[in-house]
Structure formats: structure tokens, C-alpha cells
Amino acid sequence: MTEKLEEVKSNLQDETKTITTRKDAEQLKIKYLGRKGIVNDLMKLIPALPTEKRAAFGQRVNFLKIEIADIIDELITKVSAEVIPKIKTELFDITLPGKRPFIGKKHPITQTIDDIKEVFARLGFDVVYGPEVELEYYNFEALNIPTDHPSRTDFDTFYIRDDVLLRSQTSTVQIRIMEKQKPPIRIIAPGRVYRPDTVDARHSFMFHQVEGLFVDEGVSFADLKGVLNQFIKTYFGQNIRMRLRPSFFPFTEPSAEVDISCSICGGRGCSVCSYSGWVEILGAGMVDPNVFKAVHYDEEKYTGFAFGMGVERITMLKYGICDIRLFYENDIRFLSQF
Amino acid sequence: MKISYNWLKEYVYICLSPQELADKLTNVGLVVADIQPVEDDFCLDIEVTSNRPDCLGIIGIAREIAAAEGGNLYFPETNVGSAHVDISEFINVSVEEPILCPRYTARVVRHITVTPSPEWMQKRLKCVGLRPVNNIVDITNYVMVETGQPLHAFDLDRLAEQKIIVRKARIGEEIVAINGARRALFPDMLVIADGRRPVAIAGVMGGVETEVSGSTRNILLECAQFEQRQVRRTSRALGITSDSSYRFERGIDPEGIDRVSQRAVRLIKDCTGGEIAGGTVNIRSERHETKKIVLRMERLHKVLGVEVKRDVAIDILKKLQFNILNDVDNFIDLEVPSFRGDISREIDLIEEVARIYGYNNIPTKTSINVRGSTKNKVEVVEDTIRQFLIGLGFYEVKTFSIVDTAPLQAVNLWSDKEGIDIANPLRQEESRLRTSLLPSLINTKRYNMHHGTEQIKIFEIAKVYLAGAKLPHEKTCLSILADTDYLTLKGIVESLLFNLGIFSKCEWIIFCEPGLLRNERAARVQMDGITVGYFGEASQELRFKTVSCLTELDMDFLVEKSNFVKKYHELPQYPPVFRDLAIIVDEEVTWSSIERCITDTKTAFLKEVNFFDVYRGKQIPSGKKSIALNLLFQAIDRTLKMKRSIVLSKLSSMPSTIPLAQN
Ligand SMILES: [Zn+2]
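Read top to bottom, the protein sequences are chains A and B.
For the first sequence, the numbering used here assigns the number 1 to the initial residue and increments by one for each residue that follows.
For the second sequence, the numbering used here assigns the number 339 to the initial residue and increments by one for each residue that follows.
FYI, nobody ran anything at the bench for these hints, they're computed from the structure.
Ideal Cβ positions, reconstructed from N, Cα and C, are used throughout, including at glycine.
You may find that some hints are simply not true.
[To be verified] Some chain B residues well away from chain A (every beta-carbon gap over 10 Å; in silico):
1) E435
2) G577
3) D596
4) Y697
5) V716
6) E717
7) S739
8) D759
9) A761
10) K801
11) P810
12) Y824
13) K963
[Unchecked claim] Pair by pair, the computed Cβ-Cβ distance ranges are:
14) A:P97 / B:L764: 44 to 54 Å
15) B:I509 / A:G269: 50 to 60 Å
16) A:R122 / B:G408: 37 to 47 Å
With the hints as extra help, turn the sequences into a complete structure.
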């Protein structure tokens, strides 16, 4: 019977030589040490032995069992160890780029309008809208621009019919709001406007404006300066300076063009500011009494100011865009930059 | 208006460099667009706003500088002396249209020699961009640039019958202008005629037949006022503009005319050695009424927000040559000089004071009254939609509202009336107001395709213009173009509505718009019987390389229906029970009919009916499809057991419906 035990041991040793994986080693363990394994089979031989030999054989089988267990454990450790270098070659690279979700963008014009709305909302201005196809009256007469007046030359306009046109300025909304509402009024009106300009890098037959209007008792030119200064500092930066120049608009008096110090050159002069150090960003002024007359406001009691700015122009200045056409081409490579 | 730096210095004493001068002018509202050195002089290009014709002459600009900087004004010599022979011997002037020509003056200079003008004059004219012609023409130009008042010299001997008649043109008359342009004249145009024919278009340009030439010996110098609108209309109708029409359109100084005429003949006499005829023709239809205005100091303060002292205001107005009538109180009574036609109201004076006082010396107020402002619903809905779509990878685009008349642009989902045309388009490409945003989105997709971006997801919120009564109906739309399959974009739209708090059920009704949407894959979307929008896969005719879907939704409807009021619903205490079903139905049976059939059973505790798959193929008879769906049951007060028998019995009443498997 001893030979039998030796044979089992030598068979095991042969088998271990062919095993390279942990899985096979585990299988081997079951084959020898499992419930129906070879060692247990040996145990089953015991009752058939003469009584005096049973104890000794049992001891030897038990010893063999321990021996086999050691051999297989060693084997398991060995093959497991061999796997480790393999895992190392599959090391997780934490520097690989992340999987970015694809996010779109608001159009830069919308972003600018939102920024403008944000500043003026904090100053108590409501957002209002008006029609783009307008009666001539709202675009001209009510704004103190009489027919055949030389100032009309500054306001070339697309017409639909005799007295119906595409608004050339958002100032039309001033009149529509004042017709409906009594002071105090604080509004801004963003929207599309149209002028028959041949399209080039600086002109477009359609563009956006934001009109502002503030009417109350005791509103002064100093308030106009205060509100515009607040907007300019917030939108363009605290270090930007503001300058007002007298100008002429039929619907405001006194009228002003508002310049800001050139952010490109810091006021020293460059091609963007035509070497003047200043760039024009909006027109403004105190509401002309004739406009108040047109909407039946008491021009003695109320004063007010209005301003209008070109959204494209402001956006171009802020981001250094030099061709207005980019806004309407909608090239994704352009839109994705803002 | 171009001026010469040296020339300006003749009328006002300044010690400013050209750049400093430009800054001063800019601060009073005369923007200097450009400064160019010209030999030993500088040319300043000044933008004069249309309300300030008095600054279309160098003297006017000198006046502004004198007011802003201090310093005296110097006026040129106008003494013409006396003569023996009276002008009436040479010319007979009559004005038939006194309203269109309120003032007409003429002077005659005889025995002149037409030669080139003196070098100093030529140099100044060249500096301001005028081409020297001869001494007579150059002097009329010189005096015009100096004073802002246009003048015209006729060759006296070529005026038929020694007559000048200011009248309307007659039918059939024509004229060849000095610039060579031949124009037919119409009876609503004002002309200067001699005994036979028109010799000048009033205020616009003289005729070639009576112009001053090398052989001219005697001249008639016209210096007049023509009605602004008349000049503007005639100039536009004939397509002829000139330095003269530019100034007459804006208005000249009615009281300055005679002085300007004297200045010019004096120069002619000095430069050509001619002999000024005695007297002058001076026809005026009415006296100029000097405007009187009262400026209240309290009003000045109220409008400007700064207390300008009375003597400061008076000083400013005096320097601008207003005639101050009183010298006390909180009022300033004054007379407006005749060259300031733009000033007729108190507010105009306030602007004058503010301009010279300096806009930048007015304080910048840093506080205003409190007034609350809230976003309106349009803003809230637009913001929500933009945020939602951007998060899903959509780019917002902005495209033109004015489009061409190509067939694609004829898409009109919202109205059966034609689109609205522009009466005066610049180009055919921009001649009609659009009736849909989708063609513009398609063009944007194509543009990006040609610039290397194949896949695109874009949207626009803008108006379409539908023919209406007086003004069109401007409907705001939300349009989307996405390179996704039908169900993906449909899901986005459904989810979008959900985000806006719009929970009403949409009906998807088959819709046909060939050329835009693919047949059988397009729908009109309806909610509570109202069309919300249109949806579908892009037509193959559009030749996209990708599968794209389009939708145009009625934003006005979304704004109206959106509801952002939220209320907490208690979380269910007991778990839901799910039951999956697969049913085989005819191809024609739509999901919405199956869904309706199930919900119509009004089975208790049935909360949701969810589609999850459609299968055709092995084991499914041809012409049929297998629809897998999931039912969710839930009670608030207990855990449910089974609840499907009623549903199943209802389902089997549908056309060719066979329960296939249940779980
Ligand atoms: Zn600059």
C-alpha cells in the first residue's frame, strides 16, 4: 500500500510541472483533495485493511494529504505570482483624456444681449419688445424725424408699402411703450433692425440694437451718464473710461455719442480706434420734448433719457471680431469660440 | 466738411496744434474724422451733423472754437465802395416763386479778366479738396467754404434778354449742367431762367451755356436762398448733388446773404480788376423774424443735473452770438442769430450751454431710485429653451429675416398667404420676409458641410412674417435642425415641452411638405386641437449626407402654455408593479392607437404605458409587427398584486391583435 501512496505523490509532482495558471492549480487541488478526490479515495481503502495496519495507514494518508496541500499551495502561489507581471502591462492610464459631453453654445449676439439685460435689470429696467415691420409714423414722425428732412438721409430704410417699413432702429419701441404706459418708465428693447446697406466687413442689412428709455420726474443728463457708466464698467471692465461728445439725433436733445477708451491699445491709439484712443459704442440723449408731445406726456413735468447701441458692434469690440458677416454665417467653428 | 488749419486761423485767434484743435472741435460736437498734412498746412475733415448747416462754412467753425476756447472772431472785408452805373441797366430780375425762393440777390461786375486765381487762393482750395478752375469760379467756391453760403456766377452777356426769372420749369425744358449732365426738367422743379430758357437748376447746379469761361467779360453773381425741401427733392430727382445743394438742403443764413454777396464781389474786384456796378438786386418775400426764447435757469439745472451758474450760461450764449436781452433774474431772454435755424426752443439752448460747458464736465450720478424688475415670461421661456438645447449639444444660430425667392424659401407652414416682399430691395437675394426659419437652417447646415462640419445640431429662435391686415403677423418660432434620427429629435422635443411645464398630450398627425420633409416621416404636431408645430425627417431632395430631422414650433404658443409653477407630490410608499407585454399587430396599427386603447380601459392603478421595442422578422407573420410594451401599476396605500386581465381583454378587441407573451 505504501507504493500506492508514493505513486500518488509522484503523479502529483509530474502534473504540477504542466500547470501554469491559477485556475488549473485550483482544479488540481480539487482532483487530489476534494470530497471525491484521490486522497479521499485512499481513505476509503482503510476499512478493507487488517485492523492492526489501519491506524498507521491512516496516519500516512493524513501526512500525504498535508504534503499534497503544501505542494499545491506552493504551486498556486507560484502561478499566481507569474500572473502579476501580466497585469502590470495593462496598467490603467489616468492621464488619458476624459470623455467630454458635447455642449452647444448660445449665439454671441444672444450672449451680449443677455449681458446687457443683466446689467440693466439690476438698475430696474424691464425688457420689452416691438414689431419689426412698422408703420412709418413710429420710425420717423413720432421720433421727430419729419418727411423730406435732411436727417432722413441718415435713415435709409427698407419699405414694404408707402407707410409700412422695416424698422431701422429700435427707438420705435420707445413710442409704442409710452403710448401704452404712463411714467415712470424704465425699459430696454432688444431686437433686429434693418437698413439697406451693402454687406461688407462692417455693414449688414440686418443687425441688432438695444434701445433704452428712462422717463420720470427729475431724470437728468447726469443720470444718463451714471447709468451708461455703470453699463460700460460692468460690460467692458472697470478700467475702461467713458467720453461723451455732442451729437445730433432728432429724438433726443441734448444728444451725445458715447465713446469708450480703446481696450485694444489702452487709449494710446491703434487701427481699431483709428489712432484716436476712443471707440464709439452708442448714441444717447435726453428725450426731445417733441417726442413727449407725440405720446401726450407732460413735457414740463417729465424728463427722460434714451440710448441705443448696436449689439454686433459691441460684441465685435469685446471679442476683437473684425468681420460682421461672421455672425450670420453661423460657422460652428466660430460659434464654438464664445 | 474739409477745412484748412491756416485758413481757419484767419477768423479766430488760436494757439492750438491741429491735433489739439481736433480734440476741441470733437468735444463741442464737430467730430474730426481725419487730419492730413497738405504742404505747410493741414486739412481737417470735420463731420457736421445735419442740424448744423452754420458749420458748413469755416467762419461757423471759427465761431464754435471762439466759444469753447475764448478769443475774438474776425470777419473778412466786405466794403464794395460805390459806382456810377446802376445794376438795373444790365439785368432785370423777377421771382415768380417767392415761397421756393424767399431771397434772391444779384450783383454785377463788369470788365473783368478771367485768369487763374491767385496762388494763395488755389492753395487753400486744393487743401480742402476743391479743384481750381478760374478766378471767378474759384472766388465763388472760396466764399462758399468761408461762409457756408453757395454762390453762382453767370456770364452776363449770355443771359438772353438781360433777364433772370426764378420760376418753375416748363414741360419739355431741359438743361445741360456744368458737370456735363443733360437732364429733362419737370414742372415741380425750380429753375433760374433767362428770357428764353433755364440757365440753372435753382440751388443745385448752373447750366453750361451761361457758365463763366475764358472769354467772359461781365458777370452776374447770384446769392440766394432756396427752400430746403425743394432743393432736396430736385437734387434727388435729377441725381445731381453739389456742394451747393448740400448746403441749401440743410439751410443757409437768410440774413447773411447780402454780406456774402458783398464779400464775393469785393474779392472779384480785388483779384480781377473788374468794376462793380452800383446797387444790388435784392428781392425778399418776407422779413426774417428774429426768434426770441426764454431760458429758465431752473429748467437748465433740471435737464442737465448740474447747477450751471447764470453768468457762465450767459457767457456761453454770448460767445455763440446769441443776443442777450435781459440781465437779471433766473431767466435769460435772448434773440437767436439768423444763422442758427436749428434753434427755436428752450431745450435747444440747454443743449448749446451743455455743449460748450462740456458734457464731460457734467457729473456722473451714481444713484437712482429703486425700481424692481422681473423677467417677463418670454424671457423665461427663451432662456429655458436655450439652456436646455445647449446642454444637449445644440448651437444657437442667427440667420437673416430677409431672404431670396428661391423655391426652398417659399416654405410657409403657418399661413396660406404669400410672403411679404420688400418694395426697395438692394438685391434679389434679400427681397422677401421669411415665412419659415427652416430654409435658413438648411442653408446653415450646407454652409457648415462645405466648411468641414458634417454633423450639426442647431436651433434658432426668431420671427416669421405672415401677411396680415395693416402690419404682418410676426410669429416667433423655435426651429431645430439636428443630425439625429426621427425618434431622437422627437424625444428632445417631448422632453423640451416637459421642461416648460407643458404636459398636455401631443397628437402627431401625418403631414406632407415635399422637398422639405421626407414623405411618411413628417408630422403636424397638435395640442388641444391647436397646431404647435411641424416635425419630420429632412427630405432626400435636400441631399444631406446624414440623416437629419427638422422641426419648427410656435414659440408664442409655448410661452402661453408654459407653466413654471411647481408643487411637491408625496413620494409613493409602496413599490410599483411592472408588467411587460408583447403584442402582434398589423403594420398599420400605430403606437398611439395602442396606447389610447390601453389608457381608454381606465384600468385602476395603471399609471404608465411605456413602449420599449418593435420587432419584425422570424416568427412574426409578414405584414405584422410585434410591439413590446411595459405597464406600470401603482397604488398609494398598498402593494399591488396582479392587474392585467382587464387590459388584455381590451387589447384583444383591437384589429388583429394577438397576445403573444405576457410576463
Ligand atoms: Zn486703440
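- [ ] Against chain A, does V716 of chain B hold up as non-interface, every C-beta pair farther apart than 10 Å?
- [x] violated (7 Å)
Open item on the list: Minimum C-beta separation from Y697 of chain B to chain A exceeding 10 Å: can you confirm that?
Closed with: At roughly 4 Å from the nearest Cβ of chain A, Y697 of chain B sits no farther out than 10 Å, so the non-interface label is violated.
- [ ] Could you see if the CB distance from I509 of chain B to G269 of chain A stays within 50 to 60 Å?
- [x] holds (58 Å)
Task: Minimum Cβ-Cβ distance from Y824 of chain B to chain A exceeds 10 Å - done: Holds, since 20 Å exceeds 10 Å.
- [ ] Mind verifying the non-interface call on S739 of chain B? Its CB should be farther than 10 Å from each CB in chain A.
- [x] S739 of chain B is in fact no farther than 10 Å from some Cβ atom of chain A, at 6 Å.
TODO: Take a quick look at D759 of chain B and tell me if its Cβ sits farther than 10 Å from every Cβ on chain A, holds or violated.
DONE: violated (8 Å)
Task: Interface-negative label, P810 of chain B against chain A, beta-carbon threshold 10 Å - done: Check fails; 5 Å does not lie beyond 10 Å.
- [ ] Find the nearest Cβ of chain A to the Cβ of G577 of chain B and say whether that gap is larger than 10 Å.
- [x] holds (15 Å)
- [ ] Run the C-beta distances from D596 of chain B to all of chain A and say if the shortest one exceeds 10 Å.
- [x] holds (25 Å)
Task: Beyond 10 Å from each Cβ of chain A, as asserted for E435 of chain B - done: It holds; E435 of chain B is separated from chain A by about 17 Å at its closest Cβ, greater than 10 Å.
Open item on the list: Beyond 10 Å on every Cβ pair: is that true for A761 of chain B relative to chain A?
Closed with: violated (4 Å)
Open item on the list: Please verify that the nearest CB of chain A lies beyond 10 Å from K963 of chain B's CB.
Closed with: holds (33 Å)
The structure fails to meet hints 4, 5, 6, 7, 8, 9, 10 and 11 from the earlier list, while all remaining hints are met.
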